[in-house]
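Engineer: Model the full assembly from the supplied sequences, consistent with the hints where possible.
Residue numbers (UniProt numbering): 1 to 400.
The set of hints was computed from the structure by calculation and includes no laboratory data.
Misleading hints may appear alongside valid ones.
To be verified - DSS-like mimics (lysine-lysine), calculated; alpha carbons at most 25 Å apart, straight line:
no.: 1; residue 1: K248; residue 2: K314
no.: 2; residue 1: K10; residue 2: K145
no.: 3; residue 1: K314; residue 2: K207
no.: 4; residue 1: K248; residue 2: K306
no.: 5; residue 1: K86; residue 2: K207
no.: 6; residue 1: K306; residue 2: K207
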Amino acid sequence: MFGKTVIFRKESEDVYLALIEDLARTLLPTSIMGVTLVIVDLFAWSATGNTVFLAAAIAGGSGSAAKILLMFVQKQNCAKPKNQVKYAVRLEAMHGMATFAVAASVGSVLAAAFSLHEPNLQILSTGLLFGYCSGVVSRTAIRPKIAIIALVLAAAPAAFAASLINSPAHNILAAMFGVFLLGAIETVRHTYLSTVRHITSRIEMAKLARNDPLTGLANRLSLREAYREASLTTRCIAIHCLDLDGFKSVNDQFGHAAGDAILVNVAQRLSEVAPPNATVARFGGDEFVILQTEIFESIEAELLAKEIVNSLAKPFTVQSRIIEIGASLGLSVGSASTQLDELLQLADEASYFIKRNGGGVAIASTSHFSPVSERFRTYQSKGYNAKPEPEQEHTHRLKP
Numbered sequence: 001m002f003g004k005t006v007i008f009r010k011e012s013e014d015v016y017l018a019l020i021e022d023l024a025r026t027l028l029p030t031s032i033m034g035v036t037l038v039i040v041d042l043f044a045w046s047a048t049g050n051t052v053f054l055a056a057a058i059a060g061g062s063g064s065a066a067k068i069l070l071m072f073v074q075k076q077n078c079a080k081p082k083n084q085v086k087y088a089v090r091l092e093a094m095h096g097m098a099t100f101a102v103a104a105s106v107g108s109v110l111a112a113a114f115s116l117h118e119p120n121l122q123i124l125s126t127g128l129l130f131g132y133c134s135g136v137v138s139r140t141a142i143r144p145k146i147a148i149i150a151l152v153l154a155a156a157p158a159a160f161a162a163s164l165i166n167s168p169a170h171n172i173l174a175a176m177f178g179v180f181l182l183g184a185i186e187t188v189r190h191t192y193l194s195t196v197r198h199i200t201s202r203i204e205m206a207k208l209a210r211n212d213p214l215t216g217l218a219n220r221l222s223l224r225e226a227y228r229e230a231s232l233t234t235r236c237i238a239i240h241c242l243d244l245d246g247f248k249s250v251n252d253q254f255g256h257a258a259g260d261a262i263l264v265n266v267a268q269r270l271s272e273v274a275p276p277n278a279t280v281a282r283f284g285g286d287e288f289v290i291l292q293t294e295i296f297e298s299i300e301a302e303l304l305a306k307e308i309v310n311s312l313a314k315p316f317t318v319q320s321r322i323i324e325i326g327a328s329l330g331l332s333v334g335s336a337s338t339q340l341d342e343l344l345q346l347a348d349e350a351s352y353f354i355k356r357n358g359g360g361v362a363i364a365s366t367s368h369f370s371p372v373s374e375r376f377r378t379y380q381s382k383g384y385n386a387k388p389e390p391e392q393e394h395t396h397r398l399k400p
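Structural biologist: This is the structure in structure tokens:
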């Protein structure tokens, strides 16, 4: 007996989207099956005049054509919808309806062929059944509900019709259909679980390469990829570089477990404050970077910088303790043609400047020739005030 958590296991969102995407990669076998089904049905109709075969040809051909059209639409839809999961659910439902139409067509052909006692048609329809079921098992098993229903629709009528014929050979054939159906369902289960494990491993490896393991935020590589994509679609980009003030004393006083908890909480607050189009990254230690895109005026970036610093100045509750830290944030704003390293360096210098002056926000000037006192406009947060830190304690983010 198959447990519901074995065949129909709960998939993560990323795995589900990847599985639905794979449904669009069955164009050739779907086309071959559709053409074969129509040819066999039309031959049977011309040989017997039975309209069941004509109806099966129309239903099976229409279902195959619908699946092929759906695959083309799915492949051409390069722009990802805002709600990808709902879109994927609709795609799966449409794939399912088209698949069921083809499966019912195959099943009706088998039932009609065995009820007419035509050996030639029985041979053709049996070959059609095995070809169709092998395709379902190998290509549709990634959606096990669809695959199992399709197998039953195609094979059950054949087994039932063959069992009604008073012949030992047909009775054995009916039993074979039933046993092979159970075997096909087991193969669907195995193929589905293996595919899910493979995709899950692939996604996890990709996340490890692009995400910080502690906080789940983007890392340097992921931030650079996001910057490259943003530079193609936006005119103005802002970089927020920040260090946590007082974080070292948290580690010293409460231990590294408390420090890690603070970092996770900081990541959550940054993700909540950042706009939907922003990328929040951790560069290591207590250093964070926020990439803000789709900016029309620099004041938008300045308001976000102030909101970030004020948010982090609020107390954290860690291990039943109230802990206060602060942030020193450097902001640089540039056009999409500006190199990321240049914006990072400006924001990094601004962060260093404000850290030495008690924490808050420092907004970098794009001019490298201005006096230091004029290169940064500052904003002091109303919460935690950092003590000025010596120069050697600052770690530049441009280091790999």
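Engineer: For the pair supplied as a hint, K314 and K207, is the alpha-carbon distance within the 25 Å limit?
Structural biologist: Violated, at roughly 30 Å.
Engineer: K86 and K207 were given as a pair; does the straight-line alpha-carbon distance stay at or below 25 Å?
Structural biologist: Answer holds: K86 to K207 is near 23 Å, not above 25 Å.
Engineer: Regarding the pair K10 and K145, is the alpha-carbon distance no greater than 25 Å?
Structural biologist: holds (13 Å)
Engineer: Can the restraint linking K248 and K306 be considered satisfied, given a maximum Cα separation of 25 Å?
Structural biologist: holds (23 Å)
Engineer: Taking only the CA atoms, is the gap from K306 to K207 under or equal to 25 Å?
Structural biologist: violated (30 Å)
Engineer: Does K314 lie within 25 Å of K248 when you go C-alpha to C-alpha?
Structural biologist: Given pair K248, K314 holds - Cα atoms ~17 Å apart, limit 25 Å.
Checked against the numbered hints listed earlier, the structure breaks hints 3 and 6; every other hint is satisfied.
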